[in-house]
Amino acid sequence: MIRRALGKIYLGIVVLFMYAPIIVLIVLSFNSSKSRVVWGGFTLKWYRTLFESDAIISAFGTTLTLAFLSAAIASVIGLAASLGIYTMRKRNYRIMLFFTNIPLVNADIVTGIALMLWFVRFLELGITSVLIAHITFNIPYVILCILPKLETIDIRQFEAARDLGATGLHAFTRILLPDLVPGIMAGFFMAVTMSMDDFVITYFTKGPGVNTLSTLIYGEIRKGIKPEMYALSSILFLIVLITLLIVYISGRTNNNKSEPADY
Amino acid sequence: MISESETDPSEVMCLSKILIELKGISKTYDNTPVIDELDLSIRENEFVTLLGPSGCGKTTILRIIGGFETPDKGSVYFDGVDITKLPPNKRQLNTVFQKYSLFTHMTVADNIAFGLRIRKKSDSYIKDKIKYALDLVNLPGYGDRYPDSLSGGQQQRIAIARAIVNEPKVLLLDEPLGALDLKLRQEMQYELIRLKNELGITFIYVTHDQEEALTMSDTIVVMNQGYIQQAGTPESIYNEPINAFVADFIGESNIYDGIMVRDRLVNIGGLDFECVDEGFGEGEPVDVVIRPEDVELGDPASGHTTGTVTSIIFKGVHYEIQVESAIGITFMVQTTQNFPVGSYVGINIIPDNFQIMHKPRSEAEEILNINDYQS
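Residue numbers (the working numbering), protein chains in the order written: chain A, 2 to 264; chain B, 197 to 571.
Any given hint could turn out to be false.
[What the hints assert, rightly or not] Below, simulated EDC-like cross-link-like pairs (lysine to aspartate or glutamate); rule was C-alpha separation at most 20 Å, straight line:
| # | chain 1 | residue 1 | chain 2 | residue 2 |
| --- | --- | --- | --- | --- |
| 1 | B | 286 | A | 180 |
| 2 | B | 295 | A | 180 |
| 3 | B | 295 | A | 221 |
[What the hints assert, rightly or not] Have a look at the derived ranges for each label pair, beta carbon to beta carbon:
| # | chain 1 | residue 1 | chain 2 | residue 2 | range |
| --- | --- | --- | --- | --- | --- |
| 4 | A | 103 | B | 395 | 53 to 63 Å |
| 5 | B | 313 | A | 12 | 31 to 41 Å |
| 6 | B | 512 | A | 177 | 39 to 49 Å |
| 7 | B | 273 | A | 102 | 42 to 52 Å |
Quick caveat, the hints were computed from the structure, so don't treat them as lab data. Even glycine gets a Cβ: it sits at the ideal position worked out from N, Cα and C.
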């Protein structure tokens, strides 16, 4: 009895520490007082001024473009990579997976600086270099979402389709792809959140004049914290939250499908 | 299928033409040879079973015929045309896979229609064909179901229906009954024979189950370690196994070391037995096979040798009895009579029921001998 109560309290504290700061941030974004300690009444003015700022709107656009474009490209490359890794024999499979996982655990700052050094050698830092950087760190997430899905599929279905007269492409798009869609979607949205989330790698690989929301907030905050930034951060949090929910729900409906259908 | 032992005059298969021919097929996985220089020909309308333990290369042969594997060496001919490099979708044969491999996100009807839609058949044709195929496999009205909602046996039937609507000349079946329970497996064996007769096409069947092979096949090809050990009718393979492996694999067997005394006389455990085999060298060590149902137990006084029953197991149709004999060898016996443990019995075996085989002097020679037999 006491153990369970203690467990619940512990859980409560953990959740509190994780989410209280975000809740405070969101509350403050509606605070009409500029003070961080006094509640001056409810307002939407910070959101209004936010959307009147060209810099913010442009950064917002850049962030979304980067996120979706890099996620889309990473999904295609990641899908191809997953298929390739899947068909490998055990030893090569493990080696490839090991190298795929390195960028996931590598410190962002190392990846960021490394990519920057690499890019300055070949191209001018700008939106292209950030895009390539984002695709690079997104690919492992996509592979991580697709590969387990691939393991659960009966790959002989592909052979069965070939056997029934389908070309390789037809068999892939008609038979394997539908089963892989949940994994691809999960990978895609995971990549979108990762891209939107990223500050360090973007900071090092972006050229002058290019700003995503996170680099913009960082720049603004150095000049002093303005309540608009609370509003901006709240929006960013909300977008990431929604994408994660999509990933979660698409993953869940996908699991339900494997249960025998009722007839 | 041509084999030395094919003497059965009722074997009309000999008259039909050769449809599939494998010549000098070799295949290696990760530096391990799976099949080496294999030749095999399959006639039209034949029910051929590739039988062997797992890893003997039988599935690889099926996959080479189906087009899912390319042999390292050798060629595959279909109706006289070299199809070795032809992709699976261009071959006039269809496969029923081991785990059915139905398309899980499609209805049964869509599964069956898959091949027909690729061939751009008309909707009315496809509709008729779906109905025909579902009737043929005894599952009418199942078209709107999803594979997940069907039992193993039903899924198996749908997999067969999906293959045969395309009117292949050959149906390849890769252990299709392996996942089913015994009762269902036996039912499906009859179904398959019926289908084969109704469709009049060639079946190439892969299994490790000797009973399945004996029940359904026109020709059995017994394989081990990538080599064909023996090919022939079920009767010839069962009654005249060419070596100890075949004898042991096809049905339960007593296999003993023996020495040929002279023609028609073999010595086992120091006792001479009359047999019908000739042409072995005098004093040549041989393998002797005696089927458990061919060992007769009776009165000790009239027995060629005697023994004591050490165990008896009821198997339904018959008893399985172990007899420790006076000549120091153990006989496994199948009989409908009941002999309690400890009984003292006489043992008789008629000369016809000894199957005498040359002993391979080494494994390499065993393989060579078999190759001689093949060519």
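Each hint tested on the structure:
no. : hint                         : in the structure
1   : B:286 with A:180             : 25 Å, violated
2   : B:295 with A:180             : 17 Å, holds
3   : B:295 with A:221             : 61 Å, violated
4   : A:103 with B:395: 53 to 63 Å : 56 Å, holds
5   : B:313 with A:12: 31 to 41 Å  : 54 Å, violated
6   : B:512 with A:177: 39 to 49 Å : 46 Å, holds
7   : B:273 with A:102: 42 to 52 Å : 48 Å, holds
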